[in-house]
Amino acid sequence: MANRTAQRPNGQTQGKICQFKLVLLGESAVGKSSLVLRFVKGQFHEYQESTIGAAFLTQTICLDDTTVKFEIWDTAGQERYHSLAPMYYRGAQAAIVVYDITNQDTFGRAKTWVKELQRQASPNIVIALAGNKQDLANKRVVEYEEAQSYADENGLLFMETSAKTAMNVNDIFLAIAKKLPKNEQNTGQAGNAQGRRLTEGDTGPKATGNCCK
Amino acid sequence: MLPAQQDVLNIVQAKFLAAEVVKTIHLNVSVVDGPLENDNRILTLVEYNKSFALFVLVSSRIQPISFSDLSIESVIPLDQNFSFETEPVSGQNYVILIIRYKQNKYEFKIEIGKESCNFAAEIIHAKEVSLTGASNFTWLEKYFGTMNQANRNSETSISDQSDFVLIREGMAQGQASINRESMLKYQMKLREPEFTQKQEFTIFVGTWNVNGQPPSASLKSWLSVDEKPPDLYAIGFQEIDLSKEAFIFNDTPREAEWQKCVMDGIHPNAKYRLVALARLVGMQLAVMVNNQHYQYVKNVSFDTVGTGLLGKMGNKGGVAVRLELHNTSLCFVNCHLAAHVEEYERRNQDYKDINARVNFRKNPQAIKDHEQIYWLGDLNYRITDLTNTQVKTLLQRNEINTLLRADQLSQQRERGNVLLDYSEGDITFQPTYKFDLHSDIYDTSEKARPPAWTDRILWRGKGIHQISYRSHMDLKISDHKPVSALFKSEISVIDQTKFRKVHEDLLKKMDKHENEFLPQVMIDQTEVVFDLVKFREPQARYIIIANTGVVPAEFEFIKKLDEASYCKDWLGILPFCGSINPGEKCDVKLEVNLETDLESIYDILVLHLKGGKDMFITVTGNCQKSCFTQSLSSLVRIRVPIMQSNPQQYNLARNNQSPILYSVPRELWLLVDHLYRHGLKTRDLFESSALHEELIRIRDWMDFGSQDPLPGTPQAVAETFVLFLSYIKEPIIPFELQDVCVAAASNFQNCRQLLIQKLNDIHRTAFIYICMFLQELLKHSNDNGYDAKTLASLFGDILLRDSIRNAKPQASRGKANFMYNFLVNDLSALLIPK
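Protein sequence lines correspond, in order, to chains A and U.
Following the UniProt record's numbering, the numbering of the first sequence begins with 1 at its first residue and continues without gaps.
Following the UniProt record's numbering, the numbering of the second sequence begins with 1 at its first residue and continues without gaps.
Hints are computed from structural coordinates only; laboratory data are not their basis.
The reader is advised that the hints may include incorrect statements.
As the list claims (entries may be wrong) - Which chain A residues face chain U? A few, computed with CB under 10 Å, are given here:
| no. | residue |
| --- | --- |
| 1 | D74 |
| 2 | S83 |
| 3 | F158 |
Stated by the list, open to error - With a straight-line cut-off of 25 Å between C-alpha atoms, the simulated DSS-like cross-links for lysine-lysine are:
| no. | chain 1 | residue 1 | chain 2 | residue 2 |
| --- | --- | --- | --- | --- |
| 4 | U | K512 | U | K610 |
| 5 | A | K16 | U | K142 |
| 6 | A | K178 | U | K488 |
| 7 | U | K488 | U | K220 |
| 8 | U | K498 | A | K16 |
| 9 | U | K189 | U | K105 |
| 10 | U | K189 | U | K508 |
| 11 | A | K16 | U | K508 |
| 12 | U | K185 | A | K41 |
| 13 | A | K41 | U | K512 |
| 14 | U | K508 | A | K178 |
| 15 | U | K127 | U | K105 |
| 16 | A | K115 | U | K560 |
| 17 | U | K102 | A | K164 |
| 18 | U | K501 | A | K179 |
| 19 | U | K508 | A | K179 |
| 20 | U | K50 | U | K362 |
| 21 | A | K178 | U | K501 |
| 22 | A | K16 | U | K509 |
| 23 | U | K508 | A | K182 |
| 24 | A | K41 | U | K613 |
| 25 | A | K41 | U | K509 |
| 26 | U | K501 | A | K41 |
| 27 | A | K16 | U | K102 |
From the three backbone atoms N, C-alpha and C, an ideal C-beta is built for every residue, glycine too.
Given these sequences and hints, build the entire structure.
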């Protein structure tokens with residue numbers, strides 16, 4: 001009813017919150033758990049225990065207009081758990097595939113993961129490639145340029161990181177957060193691993209009532 | 001209340017938020033049976049929005065001098081789980097106050113006296129109030145976090161056992177997001193001063209009862225009289241349309257006409273945008289904001305309430321608009337209350353009804369919960385106890401203050417009957433009602449109503465300063481004159497940089513909190529290796545799941561993708577799901593029972609914590625070969641007991657690549673031969689169950705071979721015979737033939753044909769061999785008690801066993817009928833084709 005309008009200015013909102021499932025994949029001992037631990041708790045342990053299972057943590061990142069909450073699944077890297085990985089990347093909106101810049105095999109394995117994700121994961125998944133252990137650059141065997149061009153060819157975000165020195169750790173998560181689509185259809189229901197929009201700063205007027213209430 | 005007690009109460013109140021009101025306290029309480037000197041407790045009853053809770057505070061000083069001396073020991077909500085009683089102690093001047101909450105019991109010593117009586121009465125009252133309304137105790141959530149660690153672990157602490165655990169649990173289960181959102185908002189509000197600053201906005205509020213007249217004059221002399229353009233306008237009309245149509249259909253062209261007139265009349269030195277326009281019959285409220293502020297207006301909503309005819313109709317009532325300007329919530333209410341001099345109580349009631357019934361359907365929903373409220377309209381309060389002449393005389397003498405003493409609204413407000421807590425500026429203008437149309441002359445009609453200040457503007461909230469309050473005599477088209485008030489109001493404006501900093505800081509804290517409250521467990525092994533796994537010889541291993549976190553851990557072994565069950569069929573997990581309290585553990589039994597032909601067992605179990613991580617447990621073991629799970633076609637190719645065969649022979653036989661050596665497997669022959677010689681006359685041969693060890697001995701005797709005679713009683717051998725036929729890799733009558741066999745069961749010749757044409761030699765020979773043995777058994781039915789029907793039904797289910805083990809047998813009767821043919825007819829001819 002025209003006589004009962006409450007117009008909606010584009011009120012400056014305090015930002016919507018989008019929730020995304022992010023999975024870390026990669027050969028064992030490349031530093032997946034260390035990256036997560038650095039990102040979430042700001043800690044680093046030289047002798048991080050091997051993950052036997054899939055660790056779960058959450059962390060929020062604030063962007064200019066939105067807040068992104070990551071549900072992070074840090075998977076076991078050992079080959080024998082490979083067949084269980086789909087449980088974790090299925091429905092994920094983001095993945096970080098990690099390799100160790102001092103170990104060529106782990107880079108090969110990373111490529112296999114990328115292929116598997118491209119084939120089996122959600123088609124819109126945002127994949128980031130992380131060349132970890134950058135602090136050991138003097139022992140490097142995987143060249144930056146090689147990884148960068150591989151990432152470019154496959155449309156991946158790419159950074160060399162160091163969980164030990166914290167280099168690029170926040171940055172890679174931030175880059176993913178920025179790249180994730182934060183539109184309406186990508187913000188579905190809670191819990192089903194869809195990025196979900198928790199709040200709206202501004203909603204429409206309530207249903208118009210009848211006269212003479 | 002004693003003065004000392006009042007002092008402490010003020011200190012205790014400082015421990016809580018302003019909205020969490022400390023209703024009463026009890027000092028000098030000690031804990032009964034406490035481990036230490038447990039004095040210095042203060043029992044505190046706190047109310048928040050009609051829900052009550054009892055806090056047990058510990059004071060670090062005998063007499064606290066600051067709220068920092070107090071720490072919260074326990075929080076007990078006064079809901080339906082709450083009960084309390086007092087127990088006198090003979091000869092003592094104190095009683096034991098016993099408080100129960102769910103399984104928890106708290107006992108305190110309190111001195112008998114006025115204080116304890118009052119306190120008990122307050123608790124009884126509070127519990128009643130708590131139970132009548134839909135009390136919401138989420139406000140308590142934040143307090144369990146403040147309880148110090150020692151208390152949290154103490155047995156009396158509620159946080160370990162009661163509802164608060166559930167709250168944390170909920171958080172762990174992904175339900176946190178809703179709580180999280182409201183928690184974030186709440187925490188942001190608490191820290192608002194850190195990221196906001198007050199900024200003054202000018203707000204112009206106007207009200208005019210237009211007496212059903214169409215707009216025919218410029219409103220500039222009302223809306224644009226101030227030098228500077230205001231930041232926000234809230235303009236209310238009453239009686240824009242008195243027609244029946246407007247009343248019945250709530251639809252009128254006047255709305256747009258008056259609104260246009262308003263837009264034309266507002267200050268020309270600024271551009272304005274309409275934020276909300278709400279109307280109910282003749283009451284209309286428009287809120288316009290200076291363009292430059294438009295982007296800072298959000299969460300706009302409105303509601304209308306009719307209090308007129310029947311208490312519902314829209315000829316009287318109110319329309320309200322709420323919005324947030326920057327970080328301050330504003331509410332404007334335009335009302336038109338009941339008419340007539342004597343109806344002031346009706347007006348008070350209308351006011352209450354509007355307050356009670358306006359619901360903006362967003363937070364906050366009610367008028368009263370806004371930071372700034374501007375109440376305007378034709379409130380219709382009159383001047384009492386003075387005649388028309390008296391009023392006019394006083395007006396002529398300009399004795400407005402004398403007249404105001406007779407103003408009903410001022411009187412009613414003084415008595416607290418209406419607009420309590422609202423402020424109104426000094427009235428310096430003459431009454432705005434009732435004028436002859438197009439004049440400044442008060443009512444000269446027959447009714448000769450005395451003049452009154454019916455049109456008013458009031459406000460409530462912090463930081464509102466009225467600059468002017470006036471009437472506008474130039475507008476003469478109505479019997480009322482318009483009134484306006486200009487305010488300088490402090491609006492809290494967000495500093496984006498600081499806001500973001502606080503926001504991020506809070507989110508980080510909440511992430512930390514959330515991650516700390518994730519369920520955590522340790523398991524003592526992630527590799528479970530079984531000893532050599534043997535056919536039907538169960539073996540168990542135990543894993544220990546210990547809850548090392550701070551919340552109960554609900555665990556469950558979950559299915560892997562594309563798998564039917566959470567583990568392979570050779571494994572049993574008990575329990576496969578459960579809940580473990582913090583600090584406790586659970587033994588999980590993994591039992592392997594091999595009934596199929598496997599060289600080794602291998603599975604990865606996924607142990608999932610609800611709302612948390614997954615752990616993998618790898619189960620492995622090597623298996624011992626056994627004749628029981630082989631196929632007939634392999635067995636007839638193996639000359640020696642299976643464990644004596646070398647791997648090469650064994651593999652060739654398995655792949656049907658070595659020559660057939662026996663017409664029936666030697667194991668089958670051994671069992672039948674033994675039963676033929678020792679069991680024909682044994683009563684209930686197949687019905688009695690043997691000792692497990694006995695079966696194991698027979699199994700090993702067959703698998704390994706031995707010089708010794710076959711061990712075990714005839715019944716044990718008979719059971720082994722049944723087991724052998726039940727577990728053989730493919731049933732004697734293969735799955736794919738079973739349906740046709742059952743279909744042919746009524747006719748022996750057909751059954752016979754099937755056997756000859758469809759069944760391969762190995763299976764046919766075995767089948768006839770078994771049937772001939774059973775016929776032999778029937779010759780001794782006097783001794784063993786079996787008849788053909790019983791054996792047919794027993795062996796029908798075995799020789800034609802279903803593909804899914806342990807399921808309810810399918811078509812048992814048909815299978816028995818099929819078997820029956822072969823137990824009562826001569827089979828010798830069947831052997832000839834070979």
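Here is how each hint holds up against the structure:
The closest approach between the C-beta of D74(A) and any C-beta of chain U is roughly 8 Å, which is under the 10 Å cut-off, so the hint is satisfied. Look at S83(A): its Cβ gets to within about 8 Å of chain U, closer than 10 Å, so that hint holds up. Interface hint status for F158(A): violated, as the beta-carbon distance to the closest one in chain U is roughly 26 Å, over 10 Å. Between K512(U) and K610(U) the alpha-carbon distance is near 19 Å, which keeps this suggested pair within the 25 Å criterion.
Between K16(A) and K142(U) the alpha-carbon distance is near 24 Å, which keeps this suggested pair within the 25 Å criterion. With a C-alpha separation of about 42 Å, the suggested pair K178(A) and K488(U) falls outside the 25 Å cut-off, and the hint is violated. Distance check on the hinted pair: K488(U) and K220(U) sit about 21 Å apart at the alpha-carbon level, within 25 Å; holds. Restraint check: the Cα-Cα separation between K498(U) and K16(A) comes to about 18 Å, which is no more than 25 Å; the hinted pair holds.
The suggested pairing of K189(U) with K105(U) is violated, with an alpha-carbon distance near 36 Å, which exceeds 25 Å. With a C-alpha separation of about 17 Å, the suggested pair K189(U) and K508(U) falls inside the 25 Å cut-off, and the hint holds. The straight-line distance between the Cα atoms of K16(A) and K508(U) is roughly 16 Å, inside the 25 Å bound, and the hint therefore holds. Only pairs whose Cα atoms come within 25 Å are accepted, and K185(U) paired with K41(A) is accepted, the gap being roughly 24 Å.
Our distance criterion of 25 Å between C-alpha atoms is met by K41(A) and K512(U), whose separation comes to about 8 Å. Restraint check for K508(U) and K178(A): the C-alpha separation of about 18 Å stays at or below 25 Å, so the hint holds. With a C-alpha separation of about 17 Å, the suggested pairing of K127(U) with K105(U) holds against the 25 Å cut-off. Restraint check for K115(A) and K560(U): satisfied, since their Cα atoms lie roughly 21 Å apart, inside the 25 Å limit.
This hinted pair does not check out: K102(U) and K164(A) have alpha carbons roughly 49 Å apart, beyond 25 Å. Using a Cα cut-off of 25 Å, the hinted pair K501(U) and K179(A) holds, with the two alpha carbons roughly 23 Å apart. Restraint check for K508(U) and K179(A): satisfied, since their Cα atoms lie roughly 21 Å apart, inside the 25 Å limit. The hinted pair formed by K50(U) and K362(U) meets the criterion: a straight-line CA distance of about 20 Å does not exceed 25 Å.
For the hint pairing K178(A) with K501(U), the CA-to-CA distance comes to about 19 Å; that is within 25 Å, so the pair holds. About 18 Å separates the Cα atoms of K16(A) and K509(U), which keeps this hinted pair within 25 Å; it holds. With a CA separation close to 21 Å, the supplied pair K508(U) and K182(A) stays within the 25 Å bound. Our distance criterion of 25 Å between C-alpha atoms is met by K41(A) and K613(U), whose separation comes to about 17 Å.
Note on K41(A) and K509(U): the hinted pairing holds, with a Cα-Cα distance of about 11 Å set against a maximum of 25 Å. Of the pairs offered as hints, the one joining K501(U) and K41(A) holds, with about 18 Å between alpha carbons and a cut-off of 25 Å not exceeded. Distance check on the hinted pair: K16(A) and K102(U) sit about 39 Å apart at the alpha-carbon level, beyond 25 Å; violated.
Of the numbered hints given earlier, the model fails hints 3, 6, 9, 17 and 27; all others are met.
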